[in-house]
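Visitor: Assemble the complex: chain V is given as a structure, and chain C must be docked to it using the hints.
Top line first, the protein sequences correspond to chains V and C. If you read the first sequence in numbering that gives the first Met the number 0, its first letter stands for residue 0, the second for the next number, and so on. If you read the second sequence in numbering that gives the first Met the number 0, its first letter stands for residue 0, the second for the next number, and so on.
Wrong hints could be hidden among the right ones.
With a straight-line cut-off of 30 Å between C-alpha atoms, the simulated BS3-like cross-links for lysine-lysine are [to be verified]:
#, chain 1, residue 1, chain 2, residue 2
1, V, 93, C, 83
2, V, 45, C, 109
3, V, 83, C, 93
4, C, 83, V, 83
5, C, 83, C, 197
6, V, 188, V, 359
7, C, 83, V, 16
8, V, 280, V, 311
9, C, 359, C, 284
10, C, 138, C, 359
11, C, 204, C, 138
12, C, 197, C, 208
13, C, 284, C, 364
14, V, 45, C, 83
15, C, 174, C, 45
16, V, 109, C, 45
17, V, 138, C, 83
18, V, 138, V, 280
19, V, 83, C, 16
20, V, 93, V, 208
21, V, 109, V, 93
22, V, 16, V, 208
23, V, 45, V, 109
24, C, 16, C, 93
25, C, 174, C, 204
26, V, 208, V, 45
27, V, 174, V, 197
28, C, 138, C, 93
29, C, 188, V, 83
30, C, 188, C, 93
31, V, 83, C, 138
Which bits of chain C does chain V cover? Going by a derived footprint, with three or more residues having C-beta under 8 Å, they are [said to hold, decoys possible]:
#, stretch
32, 39 to 49
33, 82 to 96
34, 198 to 211
Quick caveat, the hints were computed from the structure, so don't treat them as lab data. Since this is a predicted model, take the numbers as computed values, not measurements. Ideal Cβ positions, reconstructed from N, Cα and C, are used throughout, including at glycine.
In case you want the letters, here they are:
Number of protein chains: 2
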Amino acid sequence: MNTFEQQLQNYAELAVKVGVNIQPNQYLFISASTDVRDFVRIIVEKAYAAGARQVFVDWSDDVVSRIRYEQAPADSFSEFPSWKIAEREQLAEKGAAFMSIVSQSPDLFKNVEASRIRDAQKASGQALDRYRQMMQADKFSWTVIAAPSADWASLVFPELPVSEQVPALWNAILKAVRANTANPVEEWKLHDQTLHEKVDYLNSKHYHKLHYTAPGTDLTIELPELHTWCGAGSVNADGATFMANMPTEEVFTAPLKTGVNGVVSSTKPLSYGGTIIDDFKITFKDGQITDITAGQGQDVLENMIQADEGAKYLGEVALVPHESPISASGLLFYNTLFDENASNHLAIGSAYAFNLDGGKEMDRKELEQNGLNQSITHVDFMIGSGEMDIDGILADGTKEPVFRNGSWAF
Amino acid sequence: MNTFEQQLQNYAELAVKVGVNIQPNQYLFISASTDVRDFVRIIVEKAYAAGARQVFVDWSDDVVSRIRYEQAPADSFSEFPSWKIAEREQLAEKGAAFMSIVSQSPDLFKNVEASRIRDAQKASGQALDRYRQMMQADKFSWTVIAAPSADWASLVFPELPVSEQVPALWNAILKAVRANTANPVEEWKLHDQTLHEKVDYLNSKHYHKLHYTAPGTDLTIELPELHTWCGAGSVNADGATFMANMPTEEVFTAPLKTGVNGVVSSTKPLSYGGTIIDDFKITFKDGQITDITAGQGQDVLENMIQADEGAKYLGEVALVPHESPISASGLLFYNTLFDENASNHLAIGSAYAFNLDGGKEMDRKELEQNGLNQSITHVDFMIGSGEMDIDGILADGTKEPVFRNGSWAF
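This is chain V alone, in the form it adopts within the complex (with noise of 0.2 Å):
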């Protein structure tokens, strides 16, 4: 085992090295909270290490910000400035890699009112449409990692010293993304190769629909002739690879838009826009939503399903065995990057263009006609437990076992 500072170093060389395997010469940019500034200097560091011509620090601060959601006049919030949809959309066009360290406490708006959190949620998509529809074809590089901030880390850990509670999510974070291991790197090499596994399996099987049943599931979900399955690393326009998640223990595909039928029952909670959805049950007909019932946050989700016509349809369908290393941690994450990799999940929204076959080079409107989901939004909810069982259907009919009681049953 390793000292926490090294775990630290090692974590951060993995954000340089695999999540954006930043090239010589190449930007950076990375949005990250004032929170975590100490962690953010060190992947700086090692960024010019490898290589990097300017590396741009995105800082938001979570007080300022919900300083603003409380306080500002509510018809601002559907404002987006233009100069920062320059800034991605040139950043892009140069080849820039895209690092995102979340550690936004999950529920820092919980008492700010919904329709400003819709408002906000929406300019933001619709102004960074074309930012994310590049994002979404691998054009560029881009990792999504975690670093802990003091609240946040207290909604995981209730139960220890608050002077314990940062170091306790510090080491679980280290851990899901193997930084605690001798020679990280080459461990993930190992771990990329046995998410191909799984993609290679089921790419092979071409399975037509999938269907869930757990208690409070039944769904059936149609796939994309075209669809792809996908997981752990990608390759961007340039044949660069990059870790689009770290950690990542999903392989995922699209659905077929119109192809989704049933019921389906969250079984962890959500953290979106910074409030928190919980115990919710969502009914599809033809890949629309046609109802939604949520223990808490019902005015969030509905709100959220409003952003546009893409918002009632789901997005992706991710496998992830219940015995998972973050799933065995035990641990409630409250963060999606953590509890989506610890569960079976489905995104709502838009569709990755990757995950259908020649995705990556189709326009909007060929994704569309080969029944790809669009949308402004693209949020991730957990639907797996040791009680999930999931059936492979081919397009003659027969069924297969994928999942039984939550795990892999190939």
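Guide: Just chain C now, with coordinates in the frame of chain V:
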């Protein structure tokens, strides 16, 4: 005497109400370091309470900046991102207010190659040319204030234990900006009046030239026919008042670009681009710098005056009595915002349009025709001391005392 917390609140209130004088539904753009996060949060809270529409905080991080200056490729320093130009220009056009909070260590970049600092200053100077022109014509409200970083405080109070340095610098700043008084906003009104009495006297005299004498200094500065003295409060294009510097103890005008002759010696160190320049002497002939010598930082000074043609001429003449409150504190701040308000000073580079009668409405060519210098740079440097005499010379050659032994002579 108020408590420290109350004084911080006073200072934030002054910055918002007197500094930028925020108006309902106005945007506010704050440039600040992560080192002063807590103080920024107080200002943001007060800005929204005063009706701000949205507060954009442009965070910088001194360590991230230093890593870049030390490690990034040399040719990257000539670049300036176009979206950062758009950000300022678009906000300025929307009538936003701009607040800079200086906190950077005066020698943050002490080991960085001078050419990197020169290239970066030149790139930002050229890129923000239009923004700076708008600023120097009072098109929008802007203010420069200060808050301590640990590194800056250690330079000002090297004799104190580390734990007392930041509090000591806070106290010095809070005193300098009158935040320690019972009614700071009212104090600033009185201060504004006092400075305007000096302004009115000098404008009524309409001196043709100023003649400076002090040890190492014998300098004559001709003033433009249309010159006008200013001090303390300004008025923006919408008619709202603002205070461009807090503290401010100076009254100032523009020199005639080609009317400066003789030699002048610095009396305080100058922090420029994160390096310290000290013990320097500058010789002028018909406005142009013909010789410079510096005991420290000569290479940085030489690079500075090569930014463009205007960087070899003066753009500001400012008078501050040697017994000003900041000077009386006996502290050397190594920060121009304070040190310039403890000392007569001049500025190399561009002149303010508002220092010409009718100048705010003149275009660049008219400003030049009326004797104003233009440049991408504007750097104040301190020349005042208790041994400085200044004569005002009327158009008919009559001499009148303006300063004697470093203090007002009228």
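Visitor: State the violated hints by number, sorted upward, taking the hints as numbered earlier in the document.
Guide: 5, 18, 20, 21, 22, 23, 25, 26, 29 and 34
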